[in-house]
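Following the hints, position chain B with the ligand against chain A.
Each chain, letter by letter, is given below.
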Amino acid sequence: MNKLENRMNELKRAGKKALIAFLTAGDPNLAVSAKLLNVLAENGADVIELGVPFSDPLADGPVLQASAVRALAAGITLDDVFLLAVRFCEKFATPLVLLAYYNTIYRRGVEQFCREAAEAGFSAIVVPDLPYEEAGRLDLATASTGLINIRFLAPTTRESRMERICKSSAGFIYCVTVTGVTGQRSSLDPGMQTLLAKARKYTDLPLALGFGISTPEQAATAAAAADAVIVGSALVAQIENVKDPAEKCVVAGTFISSLKRAIEGGTQEFA
Amino acid sequence: MKDSGRFGIFGGRYVPETLIQALDELEGAYLAARVDEAFQHAYNEVLLNYVGRPTLLYRAERLSAKLGGATILLKREDLNHTGAHKINNALGQALLAKRMGKKRLVAETGAGQHGVAAATAAALFGMECVVYMGEQDMGRQALNVFRIRMLGAEVVPVCSGSATLKDAANEAIRAWVTNCRDTFYLLGSAVGPHPYPTLVRDLQSVIGKEARAQSLQLLGRLPDILIACVGGGSNAIGLFHPFLADETVRMIGVEPAGKGLETQEHAATLTMGTPGILHGTLSYLLQDEYGQISPVHSVSAGLDYPGVGPEHSYLKSIGRAEYATITDEEALAAFALLTRTEGIIPALESAHAVAHAVKIAPQYDSETVILVNLSGRGDKDVQAVAKLREVAAG
Ligand SMILES: Cc1ncc(COP(=O)(O)O)c(C=O)c1O
Numbered sequence: 001m002n003k004l005e006n007r008m009n010e011l012k013r014a015g016k017k018a019l020i021a022f023l024t025a026g027d028p029n030l031a032v033s034a035k036l037l038n039v040l041a042e043n044g045a046d047v048i049e050l051g052v053p054f055s056d057p058l059a060d061g062p063v064l065q066a067s068a069v070r071a072l073a074a075g076i077t078l079d080d081v082f083l084l085a086v087r088f089c090e091k092f093a094t095p096l097v098l099l100a101y102y103n104t105i106y107r108r109g110v111e112q113f114c115r116e117a118a119e120a121g122f123s124a125i126v127v128p129d130l131p132y133e134e135a136g137r138l139d140l141a142t143a144s145t146g147l148i149n150i151r152f153l154a155p156t157t158r159e160s161r162m163e164r165i166c167k168s169s170a171g172f173i174y175c176v177t178v179t180g181v182t183g184q185r186s187s188l189d190p191g192m193q194t195l196l197a198k199a200r201k202y203t204d205l206p207l208a209l210g211f212g213i214s215t216p217e218q219a220a221t222a223a224a225a226a227d228a229v230i231v232g233s234a235l236v237a238q239i240e241n242v243k244d245p246a247e248k249c250v251v252a253g254t255f256i257s258s259l260k261r262a263i264e265g266g267t268q269e270f271a
Numbered sequence: 001m002k003d004s005g006r007f008g009i010f011g012g013r014y015v016p017e018t019l020i021q022a023l024d025e026l027e028g029a030y031l032a033a034r035v036d037e038a039f040q041h042a043y044n045e046v047l048l049n050y051v052g053r054p055t056l057l058y059r060a061e062r063l064s065a066k067l068g069g070a071t072i073l074l075k076r077e078d079l080n081h082t083g084a085h086k087i088n089n090a091l092g093q094a095l096l097a098k099r100m101g102k103k104r105l106v107a108e109t110g111a112g113q114h115g116v117a118a119a120t121a122a123a124l125f126g127m128e129c130v131v132y133m134g135e136q137d138m139g140r141q142a143l144n145v146f147r148i149r150m151l152g153a154e155v156v157p158v159c160s161g162s163a164t165l166k167d168a169a170n171e172a173i174r175a176w177v178t179n180c181r182d183t184f185y186l187l188g189s190a191v192g193p194h195p196y197p198t199l200v201r202d203l204q205s206v207i208g209k210e211a212r213a214q215s216l217q218l219l220g221r222l223p224d225i226l227i228a229c230v231g232g233g234s235n236a237i238g239l240f241h242p243f244l245a246d247e248t249v250r251m252i253g254v255e256p257a258g259k260g261l262e263t264q265e266h267a268a269t270l271t272m273g274t275p276g277i278l279h280g281t282l283s284y285l286l287q288d289e290y291g292q293i294s295p296v297h298s299v300s301a302g303l304d305y306p307g308v309g310p311e312h313s314y315l316k317s318i319g320r321a322e323y324a325t326i327t328d329e330e331a332l333a334a335f336a337l338l339t340r341t342e343g344i345i346p347a348l349e350s351a352h353a354v355a356h357a358v359k360i361a362p363q364y365d366s367e368t369v370i371l372v373n374l375s376g377r378g379d380k381d382v383q384a385v386a387k388l389r390e391v392a393a394g
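Residue numbers (our numbering), protein chains in the order written: chain A, 1 to 271; chain B, 1 to 394.
It cannot be assumed that every hint is accurate.
Said to hold, decoys possible - Listed below are several chain A residues computed to face chain B (Cβ distance under 7 Å; list not exhaustive):
id, residue
1, 55
2, 58
3, 83
4, 106
5, 107
6, 128
7, 129
8, 131
9, 152
10, 168
11, 170
12, 184
13, 249
Since the hints were derived computationally from the structure, they do not count as laboratory data.
Glycine included, every Cβ here is placed at the ideal spot set by N, Cα and C.
Okay, chain A solo, but in the shape it has when bound (with noise of 0.2 Å):
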């Protein structure tokens, strides 16, 4: 079975919900970023999720949008976030989940860029501008590579689609809980609750909650309503004018943790 699937089920079993971790690849640079990857795994982050910086992301708001300009001022490239992940798999066992825009993926060309992924130590991959109805090459891909595609739910989403998704789906499903661009926000949308209702009917797998997800007060409720929560923007947010590395390491250590203790208190809040 999948690395990914694997942490997912543990957690459940043990009746707890996932912190998953996002950071784009090689912001600041390569060196630092590294130490970071290690330090999320370090301080609860249950999965980490790694971002493909790219020229042109359609789907990210401001911070992560600086954050990818910062990484491709380092002059990162794709074979340095494969380097990175190989690394990192080296010494923790948190699986990996590669985020990615398409044409980074294309361009790669599908088949290798999956092979690659793989081989690097990649779980999943998450393709924030590829719909259901266009990945039919990428599944084909993943599938052949042991990788799990996940797919997006939005609020916007319609029913009918939702149950295509949701069958068609693996590892987890990235509930955005937003109509919007990634970003920190003052106060979590209601509408997620009746995301996750709709989409508990058609699938058994966890839901992850994701964009915009800022304090562990959000966090703690966003876990108390499904199984797993995105943070990525707000991570970003604490570390990005922090110029010292270890003094980087050490903030981003801090925000985990904290997000972890309120994910975990959460749980038990609600349970």
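Using the frame of chain A, we list chain B with the ligand on its own:
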């Protein structure tokens, strides 16, 4: 019947899940409107009595004589209300928005002509309008920024990336993702996710339909060669599409070679690019080996775009249309030439099409007819051209 949204392998719908519902709604509304007589009537009515269509097919005798070759006809889209072909599309989409009950429009713009057209449609139909425009383009197309604001629309400066059309489209799409329930994305060219390339092409096809009928009337036959500039490709596909079945008619799309194809500073997507995905569609792209979108350049803001409409990629792949390139310098020379010989100041975008006609006309005799789409007028460019001349004069 549902359209596949594919032109050969090109096209499709590569967008975040959030937008699928909005695109499905748009497609449904468009398919219904396409066969609805009331909608077609309203669209034709606004083209006739507001835009001022049909536009002239003008025989450029002095230009033809000066070049001493083929006979050159100009399809005068510059005579449209607001000064470019962009209004054909903007009004059609705004009517569709109205039909769908949407009261708010977002649009991207490069040269500002689409921004002006969208703001005009919003004023005419009593809608709110937000236009995203790259900061670099706001500088070189300042006149259009004033016009858009004067018309009551909001202009949002975009400073990410190269601060040009590509980045404005990124921001417009992000704004649409966020407000897709009540906002209509009024896309300005034949690019983007399905159904936009088809929708924009159909709305711009009025250019080719008129040009075809006018040629038959004026010459008793079809032209031999069609020439149009290609940014995203809307004026070109609008001209070409009604002629696709006419096998004797050659079609040439003209891309901006900027400072030269041997430099990195051009935006000749079909000529120099490779297939990839940008702004929701699979088409030719200017990109690096890792799929990062390349910074591009053209003196003309409306052509300064690293992508191109998927139907052009398809027409290139099957050899039905050809794509040539014209440098900044050649376009500026054609801008001056048309102004002096015919008293018509073309948009810098359209000057690329004129320049290609200037280049090839001498190879033919006057029996050969070249029809050039004069997609817009050049008032918006006069200041920028004057500044370039000052710089050149030192
Ligand atoms: C006058 C004019 N012509 C051409 C273009 C290029 O767009 P397209 O290739 O979609 O016709 C523009 C774009 O702004 C324009 O303003």
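Here is how each hint holds up against the structure:
no.: 1; hint: 55; in the structure: holds (4 Å)
no.: 2; hint: 58; in the structure: holds (6 Å)
no.: 3; hint: 83; in the structure: violated (14 Å)
no.: 4; hint: 106; in the structure: holds (6 Å)
no.: 5; hint: 107; in the structure: holds (3 Å)
no.: 6; hint: 128; in the structure: holds (6 Å)
no.: 7; hint: 129; in the structure: holds (5 Å)
no.: 8; hint: 131; in the structure: holds (5 Å)
no.: 9; hint: 152; in the structure: holds (4 Å)
no.: 10; hint: 168; in the structure: violated (14 Å)
no.: 11; hint: 170; in the structure: violated (17 Å)
no.: 12; hint: 184; in the structure: violated (14 Å)
no.: 13; hint: 249; in the structure: violated (28 Å)
In this structure, the earlier hints numbered 3, 10, 11, 12, 13 are contradicted, and the remaining ones agree with it.
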